[in-house]
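Participant: Sequence:
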Amino acid sequence: MPIAERVRKVEAIVIAHKDYAEADRFVRIFSLEHGKLNTLAKGVRKVNSRKAPHLEPFTHSALVLARGQSFWIITQADTISNFSSIREDLAKTSEAAYILELVDKVTVEGQSEPALFRLTLETLRRVDECSDSFNVVKYFELRFLDMSGFRPELTTCVVCGKEIQAQDQFFSVSMGGILCPQCGTLESGAIPASRDVLRFFRHFQRSTYQQLEKLDIPMKTRTELSRLIGSYISHIMEGQLRSSVFKQQITRH
Numbered sequence: 007m008p009i010a011e012r013v014r015k016v017e018a019i020v021i022a023h024k025d026y027a028e029a030d031r032f033v034r035i036f037s038l039e040h041g042k043l044n045t046l047a048k049g050v051r052k053v054n055s056r057k058a059p060h061l062e063p064f065t066h067s068a069l070v071l072a073r074g075q076s077f078w079i080i081t082q083a084d085t086i087s088n089f090s091s092i093r094e095d096l097a098k099t100s101e102a103a104y105i106l107e108l109v110d111k112v113t114v115e116g117q118s119e120p121a122l123f124r125l126t127l128e129t130l131r132r133v134d135e136c137s138d139s140f141n142v143v144k145y146f147e148l149r150f151l152d153m154s155g156f157r158p159e160l161t162t163c164v165v166c167g168k169e170i171q172a173q174d175q176f177f178s179v180s181m182g183g184i185l186c187p188q189c190g191t192l193e194s195g196a197i198p199a200s201r202d203v204l205r206f207f208r209h210f211q212r213s214t215y216q217q218l219e220k221l222d223i224p225m226k227t228r229t230e231l232s233r234l235i236g237s238y239i240s241h242i243m244e245g246q247l248r249s250s251v252f253k254q255q256i257t258r259h
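In my numbering, the protein residues as written are 7 to 259.
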């Protein structure tokens, strides 16, 4: 077997790990070159392990992998960024966990997703640096939906096809888009969507991050926008994410 098939050097974000045997860990990573991979780090739980600090969740690391019988084995690990602010702030930790859980849910092992990798990495950097990560996370969610093939329809009614006007509307998670007032009142489970929240929803969908970075959104609109997008994502993921529940618990406290 050629060495290129036996050894891989990857740039990766650590999604999660799980203890295995007496001193090992399974480490799930999202790599630039090969997408999501389930790997094994041998001896990483020993007190003198040099690899352990580089394999914690949220860490951006440079890794060397060797082909094992069943898994890729992590033979070398070096931190590129450990996002210290995320680790020291519980609210930021919850946002980072949410981002990586979404990525983990939609990615397929061994399938390269370079655009999603770059979006995820840049989002973690922004969460790490920003004091208020609302716009950061909403931008990620809309780009994530685009990349996953679930872009919501926000300009025409998904039932009758009429162009949406500047007035209160409805949103259907099952149909993935806005309903006009006439169709929305007839649709079971449609969520009310105010004119203001729809305006910001569209703005996040069509704008660059630089255009959104300093956007000031009223708290009431933030709550409504989060509810709409969160309901849609939960529907796509066929259930609420564990990290979403964690985020809600932190917000309440």
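These aren't lab readings, by the way, just hints derived from the structure by calculation. A couple of the hints might just be wrong.
Claimed, not checked - DSSO-like, lysine-lysine: derived pairs with alpha carbons at most 30 Å apart: (1) Lys168 with Lys48; (2) Lys253 with Lys220; (3) Lys15 with Lys52; (4) Lys52 with Lys24; (5) Lys24 with Lys48; (6) Lys168 with Lys15; (7) Lys253 with Lys24; (8) Lys168 with Lys52; (9) Lys57 with Lys111; (10) Lys57 with Lys15; (11) Lys168 with Lys253; (12) Lys111 with Lys168; (13) Lys253 with Lys226; (14) Lys15 with Lys48.
Participant: Now tell me if each hint is right for this structure.
Facilitator: Results of checking the hints against the structure:
1. Lys168 with Lys48: Given that 30 Å is the threshold and the Cα spacing comes to 59 Å, the pair is violated.
2. Lys253 with Lys220: Holds. Lys253 to Lys220 sits at ~23 Å (cutoff 30 Å).
3. Lys15 with Lys52: 24 Å, holds
4. Lys52 with Lys24: 14 Å, holds
5. Lys24 with Lys48: OK: Lys24 and Lys48 at ~12 Å, within 30 Å.
6. Lys168 with Lys15: 51 Å, violated
7. Lys253 with Lys24: 22 Å, holds
8. Lys168 with Lys52: 63 Å, violated
9. Lys57 with Lys111: Between Lys57 and Lys111 the Cα gap is close to 26 Å, so the pair holds against 30 Å.
10. Lys57 with Lys15: 15 Å, holds
11. Lys168 with Lys253: 36 Å, violated
12. Lys111 with Lys168: At roughly 34 Å apart (the allowed maximum being 30 Å), Lys168 and Lys111 break the hint.
13. Lys253 with Lys226: At roughly 18 Å apart (the allowed maximum being 30 Å), Lys226 and Lys253 satisfy the hint.
14. Lys15 with Lys48: 17 Å, holds
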